[in-house]
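Enquirer: Got chain A sorted already, so can you dock chain B with the ligands onto it with the hints?
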Amino acid sequence: MLTALLVMAGIAVVLGAALGYASIRFKVEGDPLVDKIDAILPQTQCGQCGYPGCKPYAQAIANGEADINQCPPGGEEGIRHLADLLGREFKPLSEEHGIEKPKSVAFIDEQTCIGCTLCIQACPVDAIVGAAKQMHTVVEPLCTGCELCLAPCPVDCITMEPVVETVETWKWKYPVIEIRQTA
Amino acid sequence: MIRKLFKFHGGVHPEPHKSESATAAIRPAPMPSELVVPLRQSTRAAARCIVEVGQHVLKGQRIGEAEGKLGTAVHAPTSGEVIAIGDHPMAHPSGLTAPAVHIRPDGLDQWIDLTPFDYDANDRISMLANLRDAGIVGMGGAAFPSHIKLGTGIGIETLVINGAECEPWITCDDRLMRERGNAVIDGAAILAEVIGARRVLIGIEDNKPEAVESMRKAVAEARPALPMDVIAVPSLYPAGGEKQLIRVLTGIEIPHGKLGGEFGVQCFNTGTAHAVHRAVRFGEPLVSRIVTLTGNADTPGNYEVLVGTPIQHLLPLMGPRPDTDRFLLGGPMMGFALTDLSVPIVKGSNCIIAASPTLFPPPPAELPCIRCGECARACPAELQPFELYWFSRSRNFGKAQEYHLFDCIECGCCSYVCPSHIPLVDYYRFAKSEIWARERESAAADQARDRFEFRNYRQEREKTEKAAKLAAKAAETKAKLAETEGVDNKVQVADGSEDPKKALIAAALARAKQQKAAIKPANTDNLPPEAEAEIAEIEARRQKALGGSEPKPLGVLTTDNNGGEDKQS
Ligand code: SF4
Ligand code: SF4
Ligand code: SF4
Ligand code: SF4
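These protein sequence lines map, in sequence, to chains A and B.
Just so you know, we're using our numbering here: the first sequence kicks off at 1 and counts up by one.
Just so you know, we're using our numbering here: the second sequence kicks off at 1 and counts up by one.
Here chain A stands alone, though its shape is the one from the complex (with noise of 0.2 Å):
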């Protein structure tokens, strides 16, 4: 019991020192207009925009190194956003960063996989499970649809499937364009 008791404290002060650690070893230096970028960038982590994520990128984009239709991720909307947020001209996205894709999600074929680890290296949210000469596989609702682990893969056992519209996720058209169909 006192031992369990022992351990179960031990373990606390543990991640409390590591909490603590993290929170001042990552501490965001209130820089607000990185945040107020970073919010509305899509969080794909996809690299795409050319930085390494998207923080780096709306650093990149509040120090005018960057410019703001970088990342195909957060398509036409989000460069909208962004123009909005700095008060720039909306501009289309760059087409050497890539083109806005459907939502996907990475599918890994288990028969093939050969339990390499190298996908779950390149993830970058820890979106795929598995170990060592173990077959892996990817956490659905954790995938950005990065793409990031399809390259890594020896025996190109990774595809990106689109995510279905099911009944939860399911919205109305806009009603102008059905209307403008029929009239």
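Read the hints as simulated data drawn from the structure, not as lab findings.
Be a bit skeptical, because a hint or two may be false.
As the list claims (entries may be wrong) - Dumping the calculated BS3-like pairs for lysine-lysine here, alpha-carbon to alpha-carbon at most 27 Å: (1) Lys101(A) with Lys91(A); (2) Lys101(A) with Lys171(A); (3) Lys432(B) with Lys36(A); (4) Lys173(A) with Lys432(B); (5) Lys171(A) with Lys4(B); (6) Lys478(B) with Lys502(B); (7) Lys466(B) with Lys133(A); (8) Lys399(B) with Lys171(A); (9) Lys480(B) with Lys69(B); (10) Lys36(A) with Lys399(B); (11) Lys432(B) with Lys103(A); (12) Lys432(B) with Lys101(A); (13) Lys432(B) with Lys171(A); (14) Lys91(A) with Lys173(A); (15) Lys502(B) with Lys133(A); (16) Lys399(B) with Lys91(A); (17) Lys258(B) with Lys4(B); (18) Lys502(B) with Lys480(B); (19) Lys171(A) with Lys258(B); (20) Lys173(A) with Lys502(B).
Expert: Same frame as chain A, now just chain B with the ligands:
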């Protein structure tokens, strides 16, 4: 006693069209050849399937377990065999599919063993669990789980039973109250007890005098322990809206963004009260409901339909006329046109209307809003529909929310009165679903941001840990080194070397030599003399090789050396 009634804001008077089906008594709908029971009875929650293909199920057997906070159980509507479990189009404007259990009836319609629920012997919590497991949801259309609504109870003064049935064409609640008034009253009494209400108000629109009469009779017969009033309310659409009916009966004005429970009122549909009565008194789960079949039809009527009955199976019952061009599920004000007739009846489906161009002419083309304010005068939720329309149309969702978009009950009064024929509700539905999608997206983005940051932190931590480990190891080696230097000074001096590494090697060599020398033959007790002689000879050779020291006699070796003893013991 003349009760003072209140008035809610706005409202419209659409053609009631109740007479078509109101005179038709409830009849059981014939058994279809296949039932498709959706595990998802509303968009909110899906049940977890607990049957397998090929399994035989009895009527009322649970086939889906309640899952999640808003989950309720789903049951087999008749006895038969599970022939498939798979996706099937749902009774939803999207026409999208959802998992469903397909059952082929065996024709026996055999109930599972039913046990009534004894509320006196159980507590509130188990009562709520019982209702959840009986699959009881709101039968007025929204199919909201009743146990959740009841769970917020305590401190509820008034229970309102909603028998207004204000939408045109629909008569299922009317017939239910006329024919099964006693059951509805008993269900209301149970509901009142669960939420601890001190009075029950039953609101019925005054265009249903028979229902009012029947319910009054039922109350008189039941002689309930707490005051129950059956009240005829003026027919004005949407008097059956929850907030509107509460307003009319009690005068309580529920502000934007609030629910009745916070003001001591809770509202349940008559159909729900009936279902609660069946579940508690007979142990029967919710497997059927009353559906009005009407519209452009020769034989409109009201039918007791098993949940999971495909709609196309019901259509011959009402005999739609040849010029019928589509079918609406729900009323003409709030329902939607079905895209697929194979969709099954679910617990919230109250009416199917055969629509024809003469009965429901296509709306004239949309014109620009002239800001006449008609919509605002008609809106029962006291919103400003033209503002909502403007913000929804321009995708200015933040503003739309500021104007209480989510208080819109999608009643359609605003579109009904709009001189510009703007399908206002479509815009609100569009805006609402866009806002929900955005909320989901931003929740996902927040999660991704957290996980990304944590991963960076973890990588950083792993790096520092690795560095720390390496540093610790280096320090350890150094410490050892210092120690050896102290102990093996002699060797160092003998070697005449200053280099600590060299000294270390020399020390190690010396140690190895010592060890080698210390090795002695083992297991040498009770050996015959020849063998001992042989060992002694070998030992002598070995000692010579090691350093030419004199071979010791065997006996001495085996007795005087600690190392040897250690090894043997
Ligand atoms: S391109 Fe990818 S990494 Fe860059 S901001 Fe957009 S989602 Fe984030
Ligand atoms: S699983 Fe693949 S696509 Fe999904 S977030 Fe991880 S790396 Fe990106
Ligand atoms: S009723 Fe129609 S035209 Fe008049 S203000 Fe409302 S939306 Fe505009
Ligand atoms: S649909 Fe909404 S905005 Fe229009 S009248 Fe009804 S509650 Fe008001």
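Enquirer: Now, for every hint given, state plainly whether the structure supports it.
Expert: To see whether the hints hold, each was checked on the structure:
Distance check on the hinted pair: Lys101(A) and Lys91(A) sit about 18 Å apart at the alpha-carbon level, within 27 Å; holds. Simply put, Lys101(A) and Lys171(A) have alpha-carbon atoms about 18 Å apart, close enough for the 27 Å limit, and the pair holds. Under the criterion of a C-alpha separation no larger than 27 Å, the hint pairing Lys432(B) with Lys36(A) is consistent with the structure, at around 24 Å. Between Lys173(A) and Lys432(B) the alpha-carbon distance is near 11 Å, which keeps this suggested pair within the 27 Å criterion.
Of the supplied pair hints, the one linking Lys171(A) and Lys4(B) is violated, its CA atoms being roughly 43 Å apart against a limit of 27 Å. Between Lys478(B) and Lys502(B) the alpha-carbon distance is near 15 Å, which keeps this suggested pair within the 27 Å criterion. Distance restraint check for Lys466(B) and Lys133(A): the Cα-Cα separation of roughly 24 Å lies within the 27 Å cut-off, and the hinted pair is therefore satisfied. A hinted pair counts as satisfied when its Cα atoms are at most 27 Å apart, and Lys399(B) with Lys171(A) qualifies at roughly 19 Å.
At most 27 Å may separate the alpha-carbon atoms for a hinted pair to count; Lys480(B) and Lys69(B) exceed this at roughly 61 Å. Using a Cα cut-off of 27 Å, the hinted pair Lys36(A) and Lys399(B) holds, with the two alpha carbons roughly 19 Å apart. A threshold of 27 Å between alpha carbons decides the hint, and for Lys432(B) with Lys103(A) the separation of about 21 Å falls inside it, so the pair holds. For the suggested pair Lys432(B) and Lys101(A), the alpha carbons sit about 24 Å apart, so the restraint of at most 27 Å is met.
Between Lys432(B) and Lys171(A) the alpha-carbon distance is near 9 Å, which keeps this suggested pair within the 27 Å criterion. For the given pair, Lys91(A) sits about 25 Å from Lys173(A) by alpha-carbon distance, which is consistent with the 27 Å threshold. Between Lys502(B) and Lys133(A) the alpha-carbon distance is near 45 Å, which puts this suggested pair outside the 27 Å criterion. Between Lys399(B) and Lys91(A) the CA atoms are separated by roughly 25 Å; this keeps the pair inside 27 Å, and the hint holds.
This hinted pair checks out: Lys258(B) and Lys4(B) have alpha carbons roughly 24 Å apart, not beyond 27 Å. Of the supplied pair hints, the one linking Lys502(B) and Lys480(B) holds, its CA atoms being roughly 15 Å apart against a limit of 27 Å. Pair hint Lys171(A) plus Lys258(B) holds up; C-alpha atoms about 25 Å apart against a cutoff of 27 Å. Of the pairs offered as hints, the one joining Lys173(A) and Lys502(B) is violated, with about 83 Å between alpha carbons and a cut-off of 27 Å exceeded.
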